[in-house]
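**Student:** Listed below, chain by chain, are the residues.
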Amino acid sequence: MSSTVDAAGPPGRTGGDAGRWLHGVVREADLGLLGAITGMAAEPVRPVRAAGLVAVVSDVPLTEYGEEALRGNLEDLAWLERAARAHHRVVDALTRAGAVVPARLATVHHDDARVAASLTERRAELVTLLDRLTGRGEWGVKGYVVPGTAPRAEQTAGPGGAGAAYLRRRRAQLTAREDGQRAADSAAAAVHEALARHAVAARRHAPQDRRLSGAPTAMALNGAYLVDAGALAGFAGLVEALGTRHPELRLELTGPWPPYSFVAERSAEPALTVREPA
Amino acid sequence: MTTSLAPNSADDPLAYRPVALVDLLDRVLATGVVVSGDITLAIADVDLVRISLRALIASVGALAPPEPGDLPSAGAPIEPIVDLA
Chain A
1 MSSTVDAAGP
11 PGRTGGDAGR
21 WLHGVVREAD
31 LGLLGAITGM
41 AAEPVRPVRA
51 AGLVAVVSDV
61 PLTEYGEEAL
71 RGNLEDLAWL
81 ERAARAHHRV
91 VDALTRAGAV
101 VPARLATVHH
111 DDARVAASLT
121 ERRAELVTLL
131 DRLTGRGEWG
141 VKGYVVPGTA
151 PRAEQTAGPG
161 GAGAAYLRRR
171 RAQLTAREDG
181 QRAADSAAAA
191 VHEALARHAV
201 AARRHAPQDR
211 RLSGAPTAMA
221 LNGAYLVDAG
231 ALAGFAGLVE
241 ALGTRHPELR
251 LELTGPWPPY
261 SFVAERSAEP
271 ALTVREPA
Chain B
1 MTTSLAPNSA
11 DDPLAYRPVA
21 LVDLLDRVLA
31 TGVVVSGDIT
41 LAIADVDLVR
51 ISLRALIASV
61 GALAPPEPGD
71 LPSAGAPIEP
81 IVDLA
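Going down the list, the sequences are from chains A and B. Heads up, the first sequence is in my numbering, so the first residue is 1 and it goes up one at a time. Heads up, the second sequence is in my numbering, so the first residue is 1 and it goes up one at a time.
Bear in mind the hints are in silico, worked out from the structure with no lab data behind them. Fair warning: this is a prediction, and the values are worked out from it, not measured in the lab. Glycine included, C-beta positions come from ideal geometry on N, C-alpha and C. Don't take each hint at face value.
[To be verified] Computed spacing ranges between beta-carbons, pair by pair:
1. Ala20(B) x Leu232(A): 37 to 47 angstroms
2. Ala36(A) x Ala20(B): 18 to 28 angstroms
3. Ala20(B) x Leu167(A): 38 to 48 angstroms
4. Asp131(A) x Ala20(B): 26 to 36 angstroms
5. Ala20(B) x Glu75(A): 15 to 25 angstroms
6. Ala20(B) x Arg96(A): 46 to 56 angstroms
7. Arg168(A) x Ala20(B): 33 to 43 angstroms
8. Ala20(B) x Asp76(A): 16 to 26 angstroms
Let the sequences and hints guide you as you build the complete structure.
**Tutor:** As structure tokens, then:
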């Protein structure tokens with residue numbers, strides 16, 4: 001069966017004024033569950049079925065979610081946050097019921113038929129992803145630099161007056177900071193490698209800017225790990241052990257996340273490494 | 001080491017759990033499968049998203065205090081935020 005479109009869409013929303021915001025793709029969707037999840041526009045999400053898969057969508061007005069409107073709205077931080085959180089709330093709720101392939105933020109189709117066509121066209125890839133994600137969750141581990149844990153540069157006395165002493169002091173400070181950064185980077189690589197060995201897949205996001213994260217020190221590791229449900233306790237224990245082993249980093253575990261970081265785009269991402277579970 | 005695990009919400013599957021916006025944007029903008037939509041291609045445009053994040057930095061950056069121990073002349077380093085390239 002292909003392109004079997006669910007006909008339960010709200011009446012009056014099928015014209016050219018409404019788009020379909022895609023939250024994610026699942027194998028099965030319980031109508032009772034979907035009816036209890038609020039989508040982007042204060043209405044419950046609904047299924048679009050095709051090719052044995054279910055796309056979970058929100059009906060959205062194109063005046064706000066059409067291409068032109070989105071270009072402006074994505075620049076509006078309050079709008080971006082609201083949209084990201086609304087999308088996440090749906091994907092998160094779906095994740096608790098089973099495997100989900102999350103859609104990227106702002107994936108909008110014109111009508112159900114085109115959503116169904118996407119499912120049919122990419123069925124094999126989506127099924128492979130769903131199989132890979134079943135029974136697994138994404139966990140985040142961030143590592144923040146702990147200042148003062150790198151060996152301190154010596155501040156030797158030397159000739160010259162106050163100006164020369166200042167320059168020496170300043171050079172020592174810079175060196176200490178570089179050493180600290182190097183130590184943190186190398187600890188981050190070691191921590192990531194150890195965690196990746198206990199995960200099904202692992203990848204590193206770019207470190208977050210302190211001005212965005214609000215953290216008092218720089219971030220050296222922003223990792224994401226796909227972990228088998230059965231291996232979770234061991235993974236959490238490993239994070240704790242690694243934190244003790246690497247005092248130059250303060251580790252923070254977040255999750256469970258929907259598997260956002262492990263639905264690679266068509267082109268393989270170089271940062272993605274796949275390993276057998278330990 | 002600190003952990004910030006979400007509370008166990010298995011008994012309440014629809015509970016809304018706030019997460020850090022920056023962690024969320026790392027994930028929903030930089031990743032996520034693109035099921036080719038009619039509008040997606042334009043919206044998935046990397047430059048567009050990057051501009052949004054720059055605006056985010058600019059708006060938050062004004063509030064953040066300078067790093068303790070920064071040399072007076074060092075200035076605020078411009079670090080990449082969420083590199084979507």
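**Student:** So, for every hint listed, does it hold in this structure?
**Tutor:** These are the hints, each one checked on the structure:
no.	hint	verdict
1	Ala20(B) x Leu232(A): 37 to 47 angstroms	21 angstroms, violated
2	Ala36(A) x Ala20(B): 18 to 28 angstroms	26 angstroms, holds
3	Ala20(B) x Leu167(A): 38 to 48 angstroms	41 angstroms, holds
4	Asp131(A) x Ala20(B): 26 to 36 angstroms	30 angstroms, holds
5	Ala20(B) x Glu75(A): 15 to 25 angstroms	21 angstroms, holds
6	Ala20(B) x Arg96(A): 46 to 56 angstroms	20 angstroms, violated
7	Arg168(A) x Ala20(B): 33 to 43 angstroms	41 angstroms, holds
8	Ala20(B) x Asp76(A): 16 to 26 angstroms	20 angstroms, holds
When each numbered hint is compared with the structure, violations occur for hints 1, 6.
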